[in-house]
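Novice: Given next are the chains, with one letter for each unit.
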Amino acid sequence: MDFALTEEQRMLQDSVSGYLTNTCSIEIIREAAAAGQAHNTMLAQGLAGLGVTSILVPEDFGGVGLGFLEAALISESLGAVAAPVSFTSTAVMAPVALLNAGSEEQQEAHLPRIAAGAAVYGVAVTEQIGRRDSDGIQAADGKLQGQAMFVLEGMDADQIIVADSIGALYLVDATEVKKTALKTIDRTRSVAKIEFSNTPAELLPGSASSREPLLAMIDAGRVMLAADTLGAGQKMVKDSIAYAKERRQFNRVIGSFQAVKHMCAEMAAELEPCRAMVWYAAHALDAMPDEARLMACHAKAHLSEVGQFVARTATEVHGGMGMTDLLGLHYWFKRIGLDRQLLGAPELVREEAALAQGWL
Amino acid sequence: MDLAYNQQYTEFRDELRSFLETHGSESPPAHERGKPSSQAVAWQQKLIEHGYAARTIPKEYGGYGAEPDILEAHIIAEEFARAGVRMGHNGDNRLVPTVLELGTEEQKQWLIPPSIRGEMNWCQGYSEPGSGSDLASLTTKAELDGDEWVINGQKIWTSGAQHADMIFCLVRTEPDAPKHNGISYLIFTMDTPGIDVRPLVTMTGEAIFNEVFFTDVRVPKDQIVGQRGEGWFVANNTLKHERGGLGDPNQAESRFHDIVEIMKRETIDGQRLIDNPVYRDRLLKLQGKMLAMKFNGMRVLSHFAKDEEPGLPRWIVKLNGCELNHQMANMAIDALGELGVLYDDSAHLRDGGMWQQRYMLDLGLIIGGGTAQIQKNMIGERALGLPKEPKYEQQA
Ligand SMILES: Cc1cc2nc3c(=O)[nH]c(=O)nc-3n(C[C@H](O)[C@H](O)[C@H](O)COP(=O)(O)OP(=O)(O)OC[C@H]3O[C@@H](n4cnc5c(N)ncnc54)[C@H](O)[C@@H]3O)c2cc1C
Numbered sequence: 404m405d406f407a408l409t410e411e412q413r414m415l416q417d418s419v420s421g422y423l424t425n426t427c428s429i430e431i432i433r434e435a436a437a438a439g440q441a442h443n444t445m446l447a448q449g450l451a452g453l454g455v456t457s458i459l460v461p462e463d464f465g466g467v468g469l470g471f472l473e474a475a476l477i478s479e480s481l482g483a484v485a486a487p488v489s490f491t492s493t494a495v496m497a498p499v500a501l502l503n504a505g506s507e508e509q510q511e512a513h514l515p516r517i518a519a520g521a522a523v524y525g526v527a528v529t530e531q532i533g534r535r536d537s538d539g540i541q542a543a544d545g546k547l548q549g550q551a552m553f554v555l556e557g558m559d560a561d562q563i564i565v566a567d568s569i570g571a572l573y574l575v576d577a578t579e580v581k582k583t584a585l586k587t588i589d590r591t592r593s594v595a596k597i598e599f600s601n602t603p604a605e606l607l608p609g610s611a612s613s614r615e616p617l618l619a620m621i622d623a624g625r626v627m628l629a630a631d632t633l634g635a636g637q638k639m640v641k642d643s644i645a646y647a648k649e650r651r652q653f654n655r656v657i658g659s660f661q662a663v664k665h666m667c668a669e670m671a672a673e674l675e676p677c678r679a680m681v682w683y684a685a686h687a688l689d690a691m692p693d694e695a696r697l698m699a700c701h702a703k704a705h706l707s708e709v710g711q712f713v714a715r716t717a718t719e720v721h722g723g724m725g726m727t728d729l730l731g732l733h734y735w736f737k738r739i740g741l742d743r744q745l746l747g748a749p750e751l752v753r754e755e756a757a758l759a760q761g762w763l
Numbered sequence: 005m006d007l008a009y010n011q012q013y014t015e016f017r018d019e020l021r022s023f024l025e026t027h028g029s030e031s032p033p034a035h036e037r038g039k040p041s042s043q044a045v046a047w048q049q050k051l052i053e054h055g056y057a058a059r060t061i062p063k064e065y066g067g068y069g070a071e072p073d074i075l076e077a078h079i080i081a082e083e084f085a086r087a088g089v090r091m092g093h094n095g096d097n098r099l100v101p102t103v104l105e106l107g108t109e110e111q112k113q114w115l116i117p118p119s120i121r122g123e124m125n126w127c128q129g130y131s132e133p134g135s136g137s138d139l140a141s142l143t144t145k146a147e148l149d150g151d152e153w154v155i156n157g158q159k160i161w162t163s164g165a166q167h168a169d170m171i172f173c174l175v176r177t178e179p180d181a182p183k184h185n186g187i188s189y190l191i192f193t194m195d196t197p198g199i200d201v202r203p204l205v206t207m208t209g210e211a212i213f214n215e216v217f218f219t220d221v222r223v224p225k226d227q228i229v230g231q232r233g234e235g236w237f238v239a240n241n242t243l244k245h246e247r248g249g250l251g252d253p254n255q256a257e258s259r260f261h262d263i264v265e266i267m268k269r270e271t272i273d274g275q276r277l278i279d280n281p282v283y284r285d286r287l288l289k290l291q292g293k294m295l296a297m298k299f300n301g302m303r304v305l306s307h308f309a310k311d312e313e314p315g316l317p318r319w320i321v322k323l324n325g326c327e328l329n330h331q332m333a334n335m336a337i338d339a340l341g342e343l344g345v346l347y348d349d350s351a352h353l354r355d356g357g358m359w360q361q362r363y364m365l366d367l368g369l370i371i372g373g374g375t376a377q378i379q380k381n382m383i384g385e386r387a388l389g390l391p392k393e394p395k396y397e398q399q400a
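Protein chains in written order, with my numbering: chain D, 404 to 763; chain B, 5 to 400.
To be clear, the hints were calculated from the coordinates, so they are not data collected in a lab.
Quick caveat: nothing in here was measured; it's all calculated off a predicted structure.
Hints should not be assumed to be uniformly reliable.
As the list claims (entries may be wrong) - Cross-link-like lysine-lysine pairs, in silico, PhoX-like; alpha carbons within 25 Å at most:
| # | chain 1 | residue 1 | chain 2 | residue 2 |
| --- | --- | --- | --- | --- |
| 1 | B | LYS395 | D | LYS648 |
| 2 | B | LYS225 | D | LYS641 |
| 3 | B | LYS183 | B | LYS225 |
| 4 | B | LYS268 | B | LYS289 |
| 5 | B | LYS50 | B | LYS112 |
| 6 | B | LYS225 | B | LYS112 |
| 7 | B | LYS183 | B | LYS50 |
| 8 | B | LYS183 | B | LYS395 |
| 9 | D | LYS586 | D | LYS641 |
| 10 | B | LYS268 | B | LYS225 |
| 11 | D | LYS737 | B | LYS289 |
| 12 | D | LYS648 | B | LYS392 |
To be verified - Chain B regions said to be covered by chain D (calculated; three or more residues, Cβ under 8 Å):
| # | segment |
| --- | --- |
| 13 | 7-17 |
| 14 | 320-331 |
| 15 | 336-342 |
| 16 | 378-391 |
Claimed, not checked - Calculated Cβ distances over 12 Å to all of chain D for the following chain B residues:
| # | residue |
| --- | --- |
| 17 | GLY28 |
| 18 | ASN97 |
| 19 | GLY134 |
| 20 | PHE237 |
| 21 | SER306 |
| 22 | ALA309 |
| 23 | PRO317 |
We put the beta carbon where it would ideally sit given N, CA and C, even for glycine.
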């Protein structure tokens, strides 16, 4: 029994984090935000070179075939720098859908492209979690009708994986749909409204009569968003501690005031167990199928709650500076804010946790 | 990440499970107070024989004599919690490890065997009326007179002093030394003349702790652990042994399952509480916190198993774990509603009034053993490296 990362896992995370710290500066984030361009191709290529997009793709398809725990470590690193790059949908949810439900031809056509970082994959599943401003998608005769909201990476996608109203999954060429950017508070990831009208779509056959592939894809996405929040939260706590050691008021550094010290201690105390929780939930996806859904729900919900607390508290530690664009801490505040709502807000996800343990 | 236990541990767990199935019913009730009953002493004896209590205490001092193994210790805690059976003990979990590590050979032979059998019961005389969180300011003094210490002063909040045979006590022996360097760690029997124990009734209605007054209490000179003036460090040395300690996640998990049972069992207007979405959401939030602390506990355990210092994940256990236990007791009370505030031997009382007790006593655990605020100071200063507060200058 060893509840810890392996040497290889630590090295992987160090190499991704190292690359990101050197390349993903606050200027890159500002540029992405200003241009409304949430997928920075320079970063995407660099990350693909490190094996980030091939993380879950089996070696037979040109990937490295690692697990969800490795993917979660990467997601955490991306959250820590608020990287404007598609990861959860392209590198995790899409391969999960293809591996669980795709035909051999579909796998051969798409998995190598994902592994090579050659395409962005969007994911349209929101209507299966909680519908708003939308009636969902109807499928008939290989064509899709209707509107999907909050499509992950919808603006940058080359291909979109779409769930219809009964949870079957389809692959759609993104040039065949009408996309409208939904501007969110967070400009480091793109979210879109996608309209389908007689749009040709390829069914992933394994999803025709089972909702499992859809649910497995959502579970994986939730754990990645939880990990992203972990990384972003960690960054906000670190910045708060550094600021509290440096900023002076009343002739003392503010970190010597108990009120400030306790804000920092509370953030650390709430966030630190979340790391173990993300590890466990990711490992459950890899190795403990009986627990995977429940843990994915709890990781998503709990990290959302703790993330919200950390995001506001870290901003408070910085005083007025915390609110400014100049400091840029708000990018992480917003990143955490978007993570919380995507793929199910905590209230919704906890109900699924109740279902997963037979309480409903 | 490897969550499987190897064969040595799975066999150990299986044996323990079947032991608990066969013998679990012989264990004394969970909250027995006062001196251990003969049933409790017999249970302890059985546990030591099987190696489920005093497991790593050397045989020569009456223990089972196994090599320390943190995973075995964890399995024992986990399985007893799961079975809802009262754990055995290693004697007082603060005194015995201290004497084992820092005591003289004579002290070990005198104190350890009866302590682990439950025949010598201890109380901890640290806090004083003027010295709680600021423990090192304590003023109870001991002066050497020939071959004896002469002790004068007062302790307070001394849990179990009214039933204890012995006390381990911090006293000031070097009044001129800086405050942390002037303290010594003395041990003596509670029937020494000059000790006056006055029970303090707590909010539960029971006397759990006491005031203890010392008037010219004479204690043999060699009943000191460590050297004169080293008492502060002797007392703190024990803390490193406190691994399960306050805020133990095993307890939280089994309590959580008890609350789920309550919510499946109890109804309002015929609706089970677990079918009420408002109560259910609160339960699920608690489950999330409980799981995070459980996994954090596994992470800490794995560090210890590799002889690594866990750092932050360990610093937060007392703060988070005690808070979580208290929130769970609150949840149970709220799920029971009016039934949850029934008390004593009232009709309709549920679970023997256990949750009402916990709801109050768990608050005591947030305060005792270093308050939540002191924990936050320690996390801030020691784990996060934030500066201490400037010293308060007394205004003229
Ligand atoms: C159930 C129970 C059992 C106990 N059993 C024992 C026992 O067996 N033996 C024993 O020796 N003691 C025992 N204690 C005493 C316990 O260790 C003390 O209560 C504890 O250390 C707090 O001290 P105090 O009660 O004097 O509170 P105080 O120190 O007076 O604290 C009062 C309030 O001030 C806050 N405070 C104090 N200093 C600071 C600071 N520097 N920064 C921020 N806030 C601060 C505290 O957090 C608290 O909220 C027990 C206590 C309880 C509740």
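Novice: Next, verify each hint and record whether it holds.
Specialist: Structure-based check of all given hints:
no.	hint	in the structure
1	B:LYS395 x D:LYS648	holds (17 Å)
2	B:LYS225 x D:LYS641	violated (51 Å)
3	B:LYS183 x B:LYS225	holds (22 Å)
4	B:LYS268 x B:LYS289	holds (17 Å)
5	B:LYS50 x B:LYS112	holds (22 Å)
6	B:LYS225 x B:LYS112	holds (16 Å)
7	B:LYS183 x B:LYS50	violated (44 Å)
8	B:LYS183 x B:LYS395	holds (15 Å)
9	D:LYS586 x D:LYS641	violated (29 Å)
10	B:LYS268 x B:LYS225	violated (60 Å)
11	D:LYS737 x B:LYS289	holds (23 Å)
12	D:LYS648 x B:LYS392	holds (11 Å)
13	7-17	holds (count 5)
14	320-331	holds (count 3)
15	336-342	violated (count 0)
16	378-391	holds (count 11)
17	GLY28	holds (24 Å)
18	ASN97	holds (24 Å)
19	GLY134	holds (21 Å)
20	PHE237	holds (25 Å)
21	SER306	violated (4 Å)
22	ALA309	violated (7 Å)
23	PRO317	violated (6 Å)
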